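Top to bottom, those sequences are chains Y and W. Take any residue in the first sequence, note its place counting from 1, add 4, and you have its number in this note's numbering. Take any residue in the second sequence, note its place counting from 1, add 1, and you have its number in this note's numbering.
Hints listed in this document are in silico derivations from the structure and should not be mistaken for laboratory results. Watch out, some of these pointers could steer you wrong.
[Stated by the list, open to error] Cβ-Cβ distance ranges computed for the label pairs, FRET-style:
1. Y:N30 <-> W:D30: 16 to 24 Å
2. Y:Y50 <-> W:V227: 28 to 36 Å
3. Y:E28 <-> W:E157: 53 to 61 Å
[To be verified] Far from chain W, some chain Y residues (derived; all Cβ distances over 12 Å):
4. S14
5. S100
6. S200
7. R269
Every value quoted in this text rests on a predicted model; they were computed, and no experiment measured them. For every residue, glycine included, the Cβ atom is placed at its ideal position computed from N, Cα and C.
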Amino acid sequence: MINQFYRLKSPRTFDIDFVSEELEENQVIVRPTFLSICNSDLKYFYGKKEEKVLKERLPLCLIHEAIGSVVYDPMGKLKKGTQVVLIPLIEKGKKSCIKANYLPQNRFSSSTAEGFTRDYVFIDRERLVPFEHIDEKVAVFSEIMTIGINAIQTLRKYKDSFSDIAIWGDGNIGYAIAVLIKYYFPDCRLTVIGKSGTKLPFFTFADQTYTTEELPKNMKFDCAFECVGGTQSVNSIEGILEHIEPQGFISLIGLAEEKIPINTRKILEKGIVIIGNNRADRNDFLEAKKILETDEIVCSRIKILCSDVISVTNEKELSEAFDIDINNEFKTIIKWEV
Amino acid sequence: MKYAVILAGGSGSRMGNTERPKQFLMLGDKPILIHTLEQFYVHPEIDKIVICINPEWLHYAEDLISKYLPNTENIDIVEGGETRADSLMNGCYHIKEKYGLKKDDIIVSHDAVTPFLTQKMITDNIELCLKYGATDTVYPAVETIVQSKDGKFITEIPIRKEMYYGQNPQAFNIQKLIKLFESLTEKEKQTLTDGCKIFTTKGEKVALVNGKDYNIKITTLYNLKVANAILETGVNHD
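Next up, chain Y with everything else stripped away, as it sits in the complex (with noise of 0.2 Å):
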C-alpha cells in the first residue's frame, strides 16, 4: 500500500514521502490521531542535534508519543476503531537481565526508526496497548509517563520508600514525575526546584516549591530526580550534591547532549546511589494505562501537561506547530489530520 511519511528533511523542513509498504506477519495499520511533541523533537527540527547525528538520521519522521485508531488487523483481534498508544521501543533482541530499553540493539520511533508523522502507521501488535476511557488528550501523554514509571520502579528495587523527594526541573518530564510520585509515594514531601516562577505555579500538589535562588541551603532530601538536562544539568546535579542526604538515591533523567563534569568527591562521601534512565519498556505502559484507567486525580493532573491542541493537515502546518510548541508552557498536542 502506498503509505504518505511526513519526514523532516533537514531542520525547519518537512516533506511528504511515497513509500509502498507491505503489511508483515504479526502487524496491524493504526491511523495516528493524537501526538505531542517532545524536547528531542524539538532538536531534531531546530537542527540542535551534533551534525553527525543529523547527517545520518535525517530524513526521518518525528514524534515518538502517539496514539491512534486501528483500521485494520488481518487476525481480526483488534476491532476496527480500537484506541491505541502506540509504543516507540521497537525490540529487536531480548536478554532476561536486561530491561528492553537498555538493549542497545534495540531501536526507538523519531530517533534510530521512523516516528508516527505518517498517514498510517504499519506496527507490530505487541507495540500497541489498546484503551478505553481515557480521555485521548490525556492518553497521549502515556509515554513521558512511561519515562516517569520506568524511573520509579527502577529505583523501588533499591528501596521501598523515601520520605523526602525532590525534584530538580519544572518542565514536561518533572511535571510528569511529580504527578507519579504522589501517586506512589502520597505521603512522602515532595519539593520541586525550577528555574522560574512560571511553571512552578502548576505544581500544585507538591508540598513545596522553589526557584533554584530561593533553595533554604540547610533543606536535605533522601532521594531527587534530575530532570533538567542539557549544559544546565551541571548546576542541577551540583544542587542535588549538595542537598542530599548521606547514602541518598538520585535518579538522572534529564538527557544532555554535551558531557557533564560531576562532582565525585560530593558522591563518594556521602555514599550516594545514581541511577540512570532512558525510556520505557512494553510494561511501562501496560502499567501508565492501568493508573489512567483508574485514577482521575493522576489523569486531572497530567491533563494539565496539554499546553495547546494544534489540528495539522499538511507539512507545512506541522512546521508552524513546532514553531507554536517551543513558547508553550508545557507540551503542544497535534490533532493528525493530514
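Dock chain W against the given chain Y, drawing on the hints supplied.
Positioned in the frame of chain Y, the structure of chain W alone reads:
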C-alpha cells in the same frame, strides 16, 4: 452503507505500446490497481468495494486481487461500461440490485490509475457527501487555463483563481445519482465526463474537497515514470 466504486474499465490505449490496460502495470512492487484498491480496503468507513473492469480483463483482475489481498469478501468485480459514466452507473446498479439502497447510502468513486490518494481525501469526501449529496476532489490551478473552441484561437482565458483541476475521489448519494442520471436526455448523457457532471448538468450542487498536487492520474508512460520515481519500495522502516 458506504461503498467504494473503483473505475478500472480503461483499455490502456493512451499508455502507448503496453499490452495490458494501464491499471495493471506495475508501480514499484505492485500493479497500480492494487495500490489504489488497498487505500479503500483499509479505510475504516468503507463497507464494500465494487470494481468496474473492462469485461475482457475481468477474470485477470479477479486473480490479481486474490493474489494480493488476504480477504476479498467485501470486494465485488463487475463489468465496466463504454464510458467512465457508464462504468460508474454499472457500479451503482450493481449495488442497488445486490444490496438494495437506503436513503443515506453513498459511493466514493475513484479512478484505478490514481493511486496516491490519502485516507483524508476519502474521509473528507464521505463527510461532505453526507452533508451535500455530491463531492469532487479538486486542486487549485497553478497554471493559466486557456479555452479554445476551435483549437486554433483562444476563445477565453478564465480567471485562474476560479479554476481547479478536477481530481479523484468523488462521492455521491447513490439514490440521487441514479435519479439524476435517469432524468438526463440521451444528448446530455453524451456530454458526461464523470459523476459530477451528472449533478451539475441538472443544476445540483457539488461540494469541493481539497486535493493534493501529488494525487496524480497515471495515464501516460511519463506519468508512470514520475510515479515510480517518487515511490520508495523495499525499505524496512523499523
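**OP:** Mind verifying the non-interface call on S200 of chain Y? Its CB should be farther than 12 Å from each CB in chain W.
**Re:** The claim holds: S200 of chain Y sits with its nearest Cβ about 40 Å from chain W, beyond 12 Å.
Subject >> Pairwise beta carbon distance, Y50 of chain Y to V227 of chain W, judged against the given window 28 to 36 Å >> reply: For V227 of chain W against Y50 of chain Y, whose Cβ atoms are near 33 Å apart, the range 28 to 36 Å holds.
Subject >> 12 Å cut-off, C-beta based - R269 of chain Y kept clear of every residue in chain W >> reply: It holds; R269 of chain Y is separated from chain W by about 44 Å at its closest Cβ, greater than 12 Å.
Subject >> Satisfaction of the hinted span 16 to 24 Å by the C-beta atoms belonging to N30 of chain Y and D30 of chain W >> reply: Given a distance of about 21 Å, which is inside 16 to 24 Å, the answer is holds.
Subject >> Non-interface claim for S100 of chain Y, where every Cβ of chain W lies beyond 12 Å >> reply: holds, 23 Å
**OP:** Classify the label on S14 of chain Y as holds or violated, using whether its beta-carbon is more than 12 Å from each beta-carbon of chain W.
**Re:** With a cut-off of 12 Å, S14 of chain Y remains clear of chain W, as the shortest Cβ separation is near 18 Å.
Original post:
Regarding E28 of chain Y and E157 of chain W, is the given constraint of 53 to 61 Å on their beta-carbon distance met?
Top reply: For E157 of chain W against E28 of chain Y, whose Cβ atoms are near 54 Å apart, the range 53 to 61 Å holds.
The earlier numbered hints are all upheld by this structure, with none contradicted.
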